[in-house]
Amino acid sequence: MAEIIPAILPKSYDELVEKIGLAAGYAPVIQIDVCDGGYVPNRTWPYLKGTAPESDQIFSAIVSQESAFPHWEETDFEFDLMVRGAFEKIPDFISAGASRIIVHKGSVSDAELSSILKDYGKESEELGPFGVALGIALMPGDSPEAIKDIVSRVHFVQVMGIEKIGYQGQAMSQRAVELVRALKATYPGLPVSVDGGVNQETAPLLIEAGADRLVVGSALFGADDFIGTLEEFKAL
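Residue numbering for the sequence shown follows the numbering used here, starting at 11 and increasing by one per position.
Wrong hints could be hidden among the right ones.
[What the hints assert, rightly or not] Straight-line Cα separation of at most 30 Å, DSSO-like style, residue types lysine-lysine; simulated pairs:
| no. | residue 1 | residue 2 |
| --- | --- | --- |
| 1 | Lys-21 | Lys-115 |
| 2 | Lys-99 | Lys-158 |
| 3 | Lys-194 | Lys-158 |
| 4 | Lys-115 | Lys-59 |
| 5 | Lys-174 | Lys-194 |
| 6 | Lys-59 | Lys-99 |
| 7 | Lys-194 | Lys-21 |
| 8 | Lys-59 | Lys-158 |
| 9 | Lys-59 | Lys-21 |
| 10 | Lys-174 | Lys-115 |
| 11 | Lys-194 | Lys-115 |
| 12 | Lys-174 | Lys-59 |
| 13 | Lys-115 | Lys-244 |
| 14 | Lys-99 | Lys-115 |
| 15 | Lys-194 | Lys-244 |
| 16 | Lys-158 | Lys-115 |
Since the hints were derived computationally from the structure, they do not count as laboratory data.
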């Protein structure tokens, strides 16, 4: 049985609060998709840049812990950082309340990634220098060999189920299913998440391929019955 993680791609702080309110209490972990308009064209909260000046103030207050992240006592959060300079931004999202952080392999050079993680000796009982679980996101066309030099220093890998990241509601790439299967064959003990294109039709294929976690966005938040749909996913 795979863990089901609702995913929010927030266009505003109000949308973030509303959707967390739907999922909190029903999902142990919620993913917040963060897009900066640089690594991906799309922008999400808190990087709205001028269109919503209050976003910076709200996020700054949360980072400084003057304000609390919505529903932080009811659920854990993982932040999917589709941003440039992700490692520089990790401390802010840890302060905001992250329990997991996802960095996209394509957002940093191989040399930079190896340099940052070279002294990161992950052990099962440790969370490493960041103090949170760290995951690396791969695109559908990547291979297991793409993480062979860092796999011992990360806690999980996230396979992107779609070719164009930063947007919800897209069809899943068949290559993502193949990559999940290849990752589980190559690194049997490594947890694998899938984000993008996950719905009631594709979820069984991903579970059969070995996915441990399914990150679900529009198939959940676009449903008429959020809780009922979440329970259907959990029963797969």
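Out of the numbered hints, which ones does the structure contradict? When the structure is compared with the hints, numbers 7 and 8 turn out to be violated.
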